[in-house]
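S.K.: Keeping their order, the protein sequence lines are chains A and B. With the numbering used here applied, the first sequence covers 703 to 1044. With the numbering used here applied, the second sequence covers 27 to 355.
SDA-like cross-link-like pairs, simulated, lysine to any residue; straight-line CA separation at most 25 Å:
id: 1; chain 1: B; residue 1: K154; chain 2: A; residue 2: M1015
id: 2; chain 1: A; residue 1: K831; chain 2: B; residue 2: Y330
id: 3; chain 1: B; residue 1: K346; chain 2: A; residue 2: V800
id: 4; chain 1: B; residue 1: K154; chain 2: A; residue 2: A1004
id: 5; chain 1: A; residue 1: K901; chain 2: B; residue 2: A244
Because the hints were derived from the structure by calculation, they are not lab data. These figures come from a predicted structure and were not determined experimentally.
One-letter residues, chain by chain:
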Amino acid sequence: MNRMIRWALWMGGAVLLILYPRLFGIYYSNIFVMFAIYALFAVSLNMLLGFTGLLSFGHAMYFGTGAYGTALALTHIKGLPLIPAVLAGFLAATLLAVLIAPLVVRVSGNAFAMMHLAFGQLMFYLALKLRHITGGEDGIGGFVIPPLSIPGIASWKMTDPTYFFYFAVAVIAGSIWVLWFFTKTPFGQIMVSMRDNAKRVDYLGFRVPHTKAVVYVIAGGFAGIAGAIYAIFQNLVAAYDAYGILTSFWPVMIIMVGGVGHFYGPICGAAIFGLLDELTSRYTERVELVIGLVLVLVIMYAPYGFTGFLTSMKMRWRARKAAYGKLGGTQREYSGNEKLVS
Amino acid sequence: MTAWGSGTLSIDDEAYLTYGSLGGGIQVGHTFRFKEDKPVDATMAMYVAQGIHGLAYGMILFLVASGLTLIFGMMGILNLAHAAFFMLSAYFGYQMLAWTGSFWAALLVAPVITAAFGILLERFLLKKVHAFGHIGELILTVGVSLIILDGVKAVWGTENLTINVPPILKGLVKIGVMQYPIYRLFIIGMALALLLILSLVLYKTRLGMVVRAAVSDAEMVDALGINVPVVFMFVFGVGTWMAGVAGVVIAPILTVFPGLADQIGMDAFIVVVVGGFGSLGGALLVSIISGFISSYGVQFLSQYAVLLMFIFMAAALAIKPMGLFGERE
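So here's chain B without its partners, still in its complex pose (with noise of 0.2 Å):
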């Protein structure tokens, strides 16, 4: 892990975001432009495109951090693989970009490979670890990770490789009186579309019924003649393959590197300790508040904006040490 990337990287002429130096979080930075003949606030311009700014890292957040939650609150396991499956990903559609030259193709396809990835670590590897508890998984998880991480610097190398955005999402969308990219705005979106299909699974279907029952008693579920092992297959699928959108989604904003787990597999572990094992409405909040806490810490703080993270979450789990909405171990 010695990429600790770091330099300015422009998706277009108007915002910019760093991946600060020597980790130091990623720092979002917007120049603004008015009109002339009309002068506005410019204080309040800026909050507001922090905000959005913050959203759109919050719902990148959730997409990793949900995945995360749902597999532990399923199967008890902490996949510390998860962030490296999220860069995995990132590698993988950058790759079916420069096959097929198109975005979209990668958007589709990457996440699922990846996802069969997450399938076969769970289904060979996973399952045989399982007798000796959760200590063997987070070993397991962690070198699983480290393989990914130096693998993909043995096939892609340690370089910063770009993806760009297709054409109908690049350029800028004005929102009242100040322009906003519009990439950002479809991060946003896209999050949102996801988790209302989700939630709609989750507890609109009886497939989401049945995950629900086995996230609370798995054991039970087995008992009433479900194939649980093959649920849990399906919920670690889904989950891997929603780290991986987010994954080919952040990666034209911070290109693809070695280091990309880094930063964000820190906070969404953040997202799931402080949020509570395992639910989901608090990965959604906590994701929330963590990417306004990093926007507007950079805004305020500057370069000691990433320890914000993790000051909330020691001053969250001093008053609620299984987290927010976390009821058991």
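This is chain A alone, in the form it adopts within the complex (with noise of 0.2 Å):
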């Protein structure tokens, strides 16, 4: 029963997906695609926050490999097809996360945090300066973009917002199963524990900088692929958009605000923060000054966000129904598990 109504409950929503661009239009199929973008980076970066318990500030370097790797594999070979492009910016980031894995799985904690905060600047400045490859500030645009098409089948133009919408939200959605997936594997499990407990794990014989290490190309290719949708998606790559500092911090938000520990809470948290970006910037510029105070008042009075908050009113609404239903019903409060990790 209860997996008749979890699949009811995903075809539906896969109806709604369906239906989505016919029902709102093209401005809210827009801004459905780049929450679909934010929330695959901010799945991929939670693959380190969330489970490995590794808080990196230059994940954007990923994210703009990525966007840039499409880009230019875009503008330099003719008649590249949609998928391979998109394939181009995955291999290009999940290549510079092979490169700097080796310097950073040694650290943790704040050493791992602010080595990439460097490490990210670093890119950005390359992209800044490199400018007869990356255009320098002015970024790449105006680059062709291929149809999907199956040969002697069928053909969409991606330029049409509808048909993009079908292909990005599918890509994103796969990626993001897949990444789920990857949760689910032993491996993924191994992962869990050694955030909780990393010595542990090495005394079990697990590897753990190995271990971290295939987690942190894994968590590279796939901001990779959140960047070569947003390249395609805006059909321009700048440095300030793709590796800018605010690209870095905004993931880490979204993952706070949506909640730690839960693999769905970076959704909920993107999201959030798509709502929070679009209402507040109809009523202020002060946006910046907005996401500064949600982000204190978060971590202050709900530091596991959003799903955390869901968690512990479920188990408060268990604990009375067993209080109200049946003699003894042990009273449960919500104990937080999901630590953060110190």
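Take the two lone chains, each set in its own frame, and fit them into one complex as the hints suggest.
M.R.: Structure follows, in structure tokens:
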């Protein structure tokens, strides 16, 4: 029965997504694509922050490298199909992660965060200064966006916002599913136990730095996919948007607001931030101020974010039901098991 | 953070500093005036001049980085709002100058107000999230930093505000055959004086002993009956105050604008990371090295100089992941 309900919910969600462009029009479709991009970006960072306990303030370097990878591939390779273009971004980001991983897997905590802050800025300045490759602050724009075509059968123009909506959402949903599946594998469980007690995992015979490196590369690669979709969506990649420091802070905030301990936390967070951004930018220019305030309030009063809040509500509701429903029902309170990493 | 200011700002006829285009680092330039009757080795003079520029910048970096590293060493808090406080103090300095007309009043009062804000942050916000570990503290300070960065834009606008140096510090002083702006030498001298006072307090007084002990084991010091939270507050205040002093002092050279925090903040973080978290000596050494790297880098590599800092950091961390003088996580 439960499984039936779940399937029905998933199917309903899928139907809603298919109808979404028709129901809400192009403007809200584009907002949804942006939300989806940030959701994938934040979910990929959550592989590090939520599941492995590594805080990175430089995840934009993978997002940006994915975006630049796709943009450069589309600019320089004539007639490159759509899927290989997205793969180019993915591979570029993965390659960068493979190069940087040996440097960063030996540290954790503050040192990890700071090294990423610095590496992220290094990539930012590289993108600014290597003007002949990246176009500096103007960036790369106006590249031809190929249609998605199955040879001999069909071809969909990606310049049409509706088709692009379906393509982007399909790629992002697929990527998020792969990441979800990854957390359910035995390897994913090692990742979680490494967050909770790295020393014990080491004693059990698992190689902590190697495991970290694998997770790190996966997180980087999928951020690259988010960047690749972003590049095609905007048809423009510029240094500040791709590698800027706010681009690095953004997914961290999304995860914190959504809830750090849950897989779906970042997705909720991206939705909340999308709404917040959309609403505040209508009334005020001080979006950063509002975001800063939200961040401070969340960390002060709801440190487990939105999903943590939901979990505690659910626990409380169950406890009440147990207390009223039958005698001797155990009073269970939310214990805060999803401990933040120190 | 839209104001990646650019432009050339002259502090006097002889020396100029540019806040590089698009965050391209602090580019240090200098025009020389030589006595006509005495031909000198211009290259040598250039090296010396760039050296002094580098030292001045390194000293400013040290003022910012020392607070950062002290706070980290003691409380394990990496205060990402530190650079924002640095910038906030520059704005306070501008406001004080506008009200009182005295640079010295600005230099005295603005850092103290900034330190008060820092203490409020420590007292009422950071303490509460301490239970959630480093990540909570990092996120909190990022939030505070965003509020400050956008707040100053709301109050003072985005344009560059200028602060004039007092007449006594204007002009040039002759060193050997070349002339050098007094104000830079004033920066170096003041930073050295602060460094001296700080090290005297830290290494020669009972208070300094308590602080050093708390850096290495806060719990143990607490058990000895010393009020560690008050010591923490004191250190946080002093750290923010030093960043505030640096902010007011750099303001006449770089002017005051919302992007002020970005460049120096990033360099100060690199200094703390490379020098080793919590190590004051490491911060001093790496600050001076970084100052030289930026000034000579601009000389030889012009616009790519800003990359040098990051390459330096990557190289240092590849050899010693915990920083040159760092011992613990």
